[in-house]
Structure formats: structure tokens, C-alpha cells
Amino acid sequence: MARARSHRYTESPVLQLAFPAWRSRLAALALLGGFAVLAGRSFYLQVINNDFLQEKGESRYRRELEISASRGRITDRNGDVLAVSTPMRSVWAIPADVKLVPEQSQALAKLLEMDPRELNRKLAEDKNFVYVKRQIPPETGERIAAMKLPGIHQNKEYRRYYPSGDMTAHIVGFTGVDDKGLEGVELAFQDQLLGRPGQRSVIKDRRGQIVEDVGSVKPPQDGKDITLALDSKIQYLAFSQLKQAVDDNDAKAGGVVVVDARTGEVLALANWPTYNPNNRAGLSGAQLRNRAVTDTYEPGSTMKPFPAALALEKGKFRFDSVINTAPGKLTIGTATISDSHAHGLLTLAQVIQKSSNVGIAKVAGTFPPEEMWTMFDALGFGQAPKLGFPGEVGGRLRPWKTWRPIEQATMSYGHGISVSLLQMVRAYTVFARDGELIPLSLLKSDGSTVRGERVFSPQTVREVKSMLEMAVQPGGTAPKAQIPGYRVAGKTGTAHKLEGGVYARKYVASFVGLAPASDPRLIVAVMIDEPSNGKHFGGDVAGPTFANIMSGALRTLGVPQDAPLQVAGGIPGKEKL
Amino acid sequence: MLRLNLLLLVAAIICALGVVTSQHKARKLFQDLEGEQERARSLDVEWGQLQLELSTWATHPRIEKIAREKLRMHAPEPAKVIHAGGGGR
Chain A
1 MARARSHRYT
11 ESPVLQLAFP
21 AWRSRLAALA
31 LLGGFAVLAG
41 RSFYLQVINN
51 DFLQEKGESR
61 YRRELEISAS
71 RGRITDRNGD
81 VLAVSTPMRS
91 VWAIPADVKL
101 VPEQSQALAK
111 LLEMDPRELN
121 RKLAEDKNFV
131 YVKRQIPPET
141 GERIAAMKLP
151 GIHQNKEYRR
161 YYPSGDMTAH
171 IVGFTGVDDK
181 GLEGVELAFQ
191 DQLLGRPGQR
201 SVIKDRRGQI
211 VEDVGSVKPP
221 QDGKDITLAL
231 DSKIQYLAFS
241 QLKQAVDDND
251 AKAGGVVVVD
261 ARTGEVLALA
271 NWPTYNPNNR
281 AGLSGAQLRN
291 RAVTDTYEPG
301 STMKPFPAAL
311 ALEKGKFRFD
321 SVINTAPGKL
331 TIGTATISDS
341 HAHGLLTLAQ
351 VIQKSSNVGI
361 AKVAGTFPPE
371 EMWTMFDALG
381 FGQAPKLGFP
391 GEVGGRLRPW
401 KTWRPIEQAT
411 MSYGHGISVS
421 LLQMVRAYTV
431 FARDGELIPL
441 SLLKSDGSTV
451 RGERVFSPQT
461 VREVKSMLEM
471 AVQPGGTAPK
481 AQIPGYRVAG
491 KTGTAHKLEG
501 GVYARKYVAS
511 FVGLAPASDP
521 RLIVAVMIDE
531 PSNGKHFGGD
541 VAGPTFANIM
551 SGALRTLGVP
561 QDAPLQVAGG
571 IPGKEKL
Chain B
1 MLRLNLLLLV
11 AAIICALGVV
21 TSQHKARKLF
31 QDLEGEQERA
41 RSLDVEWGQL
51 QLELSTWATH
61 PRIEKIAREK
71 LRMHAPEPAK
81 VIHAGGGGR
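Protein chains in written order, with the numbering used here: chain A, 1 to 577; chain B, 1 to 89.
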């Protein structure tokens, strides 16, 4: 037993076995190698590839949020809002998730002001996503959210409102889905108006509350507000008067432009027919057209003051040079032009006053074509007015080398040349500004007087202006364009419409004028397309409308009077507020 | 030596607790800030809606209608207008 007790481990036969030395070294090496791999891996994960894991970890509790930015407002010169975006909600559903008891769907339909059957039909659709109703007021949205209905979700989206509706529709335009400007100023200034959403990433806690910002925050950029030159009061006046005139004359369409002669600002721009930008269902192309800017017409006699001014400027005629217009007809080549009333001997001033086609054609016949073309070009005809409006047109002014004598004659009374109403107003700034043509502006300017390019000398303009004053006095073509208390200078236009290359018995009646003539402040142009209620002369159709708009606008602006209150010939203007 | 170590340990624990409380406070303040910013946004929205409402009530056709029909106002005859000063007659 003692022997057995004294048994020593070293004497164990197992331990007595002698292994070769390399085996233990191999084992140690393998272990060491294993540790080295582990160390290397952990070095790789924690030092080299650190970012990746950090990001993965963060993504479990980090959220990217979009910070919404709103589209800029459009206001008039006095800050009245013409277009504004306001957030709305859209309700959408995942039909498969929707499980509503009848009472719930009844309540939902009531909140959405929908027919319950239509709601159920939408919720039964075999799609992954359906809009239940878009653009509902946020309060309603909150009440729906409070019902906590499964499968019913909401989005935030913006809706654009136009408080002044059809009155400013053409100038302001409208946006489509996704805040994209489609017409008017909304399109022209899309880049400035558009808001750019920002982004931030945040850490949210278990309860979904934001705990802190991580990383850099990209701040949202709200769209810039645009202040137009438009004056809502004058715009309303122009719009309502135009509507009245189109109604009274059974006309097809019409346009009005009011411009501040000092700054070139467009104070009003109205077209008829128009549309309601808040509800654009069933919109037609005729309603959408911004005629004053995108349509050209043959201006007719409103063109006459320009050749007359050129004649004075070149010293070929004087104010009182006599021109024989008898017998009211003039044949050039194979064509004959005629006056609506035959006159005999007329002075140049009377040619303008009585609007004699023959007279002005004789005057125009004395210029080389190039001289007349240069003047038209200097007045901006044939070039878009570059207001920044979408679809601006330049009208048609053919190069002078192709002019035939008859064309030069007809162009002098505004046929064979086409312009937009906006261009015509701009050309008339030369008479309001002592011979300078000024650029027009859609946006409110700082009120300083703008510089323009000289086309005529001040002396010439003074004389033409007094001819234009004669045109609205008794004996002229537009006594109805007079305004009590103000001196008015203006010119009528009655142009035949071209239809398929032939002049039809359809007319465009227009009037362009400025007041007060002693120190012009406003230029107003009125154009009525196809008056068909018996009258078609510019003086009868557009003249009274001009007078109403001009007198109201002058009063609105507080322009001092420069004439006695008694109107020659006595037509008291029926005035609007 | 042991005493110094204990002292440092206590200091470290105090600092750690300080970090915890200040972090907590920071988060509370951050949430308040969030809330106020949210309020600012909703007030901005409300302002826009009020502006919209204002300009809807103040449309010129509506004003003219009320002035003419309810208040029986009309534009004065030119003869009844007296221009005061400033280049007027």
C-alpha cells in the first residue's frame, strides 16, 4: 500500500511518454496565431473600418428629417397678398391594413366630406397605396389623426391660394403640382419663389422624441417674396372696366395695360376672358391667354403719331403743314387706301386729330424705308419687351429692304405691322417722357425716375402731344376719352382684323393715351377685340373705358389736376369708386 | 497613497454624475427649443392663413359692393372735389 501511496505522478506512464519538442512549439504557435488574427480583426474593426460600424450603430437610432420650406409670397406694391402657400394635409391609405368598423368609416367619411360608399370603394381597392383625399384643412387632418385609424396615414403638402382670383390671374399665373410655376409671374420668377427644403439628422429616443442634432444641419431656404409693381386698386378698376366694355360691346376679348410713365412700372394688366386660378377645372386656352403680352394685333391708327413725330423730327413737315387728303382715297400701285370720312385740306395736326389714313400715308411716303424702319426699331417694335414674362412676343416688323411703297403707306396707319398691347404702351412712353423710350418693369422699383433711350427731341414730342390732345377734343376722333379736370393726350385705333390673309369686317378697337398731358404720369392702353354691338370705332368703344380707368387711377394716385372741370362737349364720365 | 486614490475615485464619480445630469439638462433644453421652433413654424403658418383671410375679406369687388350697397357711398362729382395745396388748383 505504501508503495502505492508513494506513487509519484512523474512516474505515470502517460507522462513518461516523450514527445518531440516541435509538437509543443507548434501548439504554442497555433495559439499565438489565433490571438494575432483576433487582434488584427479587432484592430480592423475598431480603427481602420471604424466609421462603417459607427454609422451602422447610429442608424439604429438616428433619423434624417426634412425641414420643409415654403414658396415665396407674391404681393402687390402695397403689400396686398396676391399668392400665398398654406400647408394642407393629404390622407392616404394602405387598403390591406385598413380595418374599420362601420361607425369609424361613417365618421371618417363625414370628416372628409365624402360619400361613405365612395370612401369604402377607395379603401377596397387592390393597391398598395391610395389617396383618400388630398388637400384637406390641417384641423380636419388633426381630428382624423386623433381617431388613430389603422392603415390611414397623412402627408403634409402645400396649396397655393390666389385671393384676388380672376382679377390678377394673367399677371400672377399659377402653379401646378410640386410648386412648379406654370404661368405668369409664378413661372417667370420660379427660381426666386421656390423654397428649398433643408435637412437635419437627429437622434430620437425610445419615445420618438428628438434628443439631439447630429452632424451638420442644412437650413431650409424659404422662397423669396416677390413684390410686383401692380397696384391692386388700379388693377381692379382696369379689370372691372374692361369686363364692362367687353360686355357692352359684345366683344370677343380685350386687354388693358396701365403703366407709370415715371418709372415704367406696370401698375395694371388685365385681360378678358380670364379664369379663376383657385379652381382651374375646365380651363380653355382662350381664358388662359395673356393677350396683352402674348398676342399681337395690327394696331391701326394708334401707330399714326410715330410717323408724324418722325416727319417733325426730320423737319420735313411742321405742325401746321397742309396736306391734301381729298378725295379721301389714295392709290399706290394697284391698291387703294381710304379714309372712313373724306376730308379735304388738313394740317399735319388735323391728320392726327381726325385720323386720316390718306394724310399720314402721304407723310410716310416722303421717308426712305430705312428711316422709318429705324424709328420702328428704336421704339421696340419687332422685339420682345423683355419684361421677363413667359411667352412675350415681339410682333412682326419686316426688314425695310423688302418693303413695297404700299406697305410703307399702310404701316404708317398700323396695318402690315403687328405689335402686342404691351409694346404699344412702351412705345407711347416716348410721348410721356419727352422723347425717351423707357424699359417697363413688372416688379416694384425704388421709385426713382428711370433713364431711357432718346428717340425724338423734346420739341417734337411737345408738338405731337398737342396733336394727341386735339384728338380727344371735339372735332377729334375720341371726345369720349376726355376726363374732367385733366388734360388727356391720346390716339384711337380701329383696325380691320386679318383672317387668312384677308382683311375681314371684324375690328380691333383700341385707345392709347396719357395724362395729365402737362406732366404725364400714367399711360393707359385699352384694346377691345371684335366689338359687335353696332359700334366699332376706337373712340366709341375703347375711349370711354380709357377715360374711366385713367380718371380713377389718377384719383387713386392723387395726381394734381391740370385742367378746368368743365369738359368740352360735356360728357360727364360715369365714374367708379 | 491609498487615501489619494480614494479621493481621486470620489472625484471621478462626482464628475461622472455631473456629466450625466448636464447631459440630461441639455436634452431637456433641446426639447424645449424643439417645441418652441415647432410653435414658431405653426405661428408662421397661421400668419400666412390670416394674411390669406385678410386679403380675401379685403378684395376690391367686396369693398366696392359694401360701400355702394350697404353704406350708400358714391364717388364725388368732380365739381365737388377741392384739391388742397401741393400743385392742386
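In case anyone wonders, no lab produced these hints; they're calculated from the structure. Warning: the hint list may mix true and false statements.
What follows is a set of in silico ranges between Cβ atoms, one per label pair, in the way DEER data are often shown [as the list claims (entries may be wrong)]:
id	chain 1	residue 1	chain 2	residue 2	range
1	A	P150	B	M73	31 to 41 Å
2	A	Q209	B	K70	20 to 30 Å
3	A	D97	B	V20	48 to 58 Å
4	A	R62	B	A58	44 to 54 Å
5	A	P220	B	K70	56 to 66 Å
6	A	D97	B	A58	39 to 49 Å
7	B	Q23	A	A145	47 to 57 Å
8	A	P405	B	A58	21 to 31 Å
9	B	K70	A	R398	37 to 47 Å
For glycine and all other residues, C-beta sits at the position ideal for the given N, C-alpha and C.
Structure-based check of each hint:
1. Against the hinted window of 31 to 41 Å, the Cβ-Cβ separation of A:P150 and B:M73 comes to about 58 Å, which falls outside the hint.
2. Checking the proposed 20 to 30 Å range against A:Q209 and B:K70 shows it is violated: the Cβ atoms sit about 53 Å from each other.
3. With their beta carbons about 41 Å apart, A:D97 and B:V20 fall outside the hinted range of 48 to 58 Å.
4. Between A:R62 and B:A58 the beta carbons are some 47 Å apart, a value that agrees with the proposed interval 44 to 54 Å.
5. As the Cβ distance of A:P220 to B:K70 is approximately 45 Å, the hint placing it in 56 to 66 Å is violated.
6. Range check, A:D97 to B:A58: about 46 Å between beta-carbon atoms, so the 39 to 49 Å window is met.
7. Here the CB-CB span from B:Q23 to A:A145 is close to 32 Å, at odds with the stated 47 to 57 Å.
8. At about 57 Å, the beta-carbon gap between A:P405 and B:A58 misses the expected band of 21 to 31 Å.
9. Taking the beta carbon of each, B:K70 and A:R398 are about 57 Å apart, not inside 37 to 47 Å as hinted.
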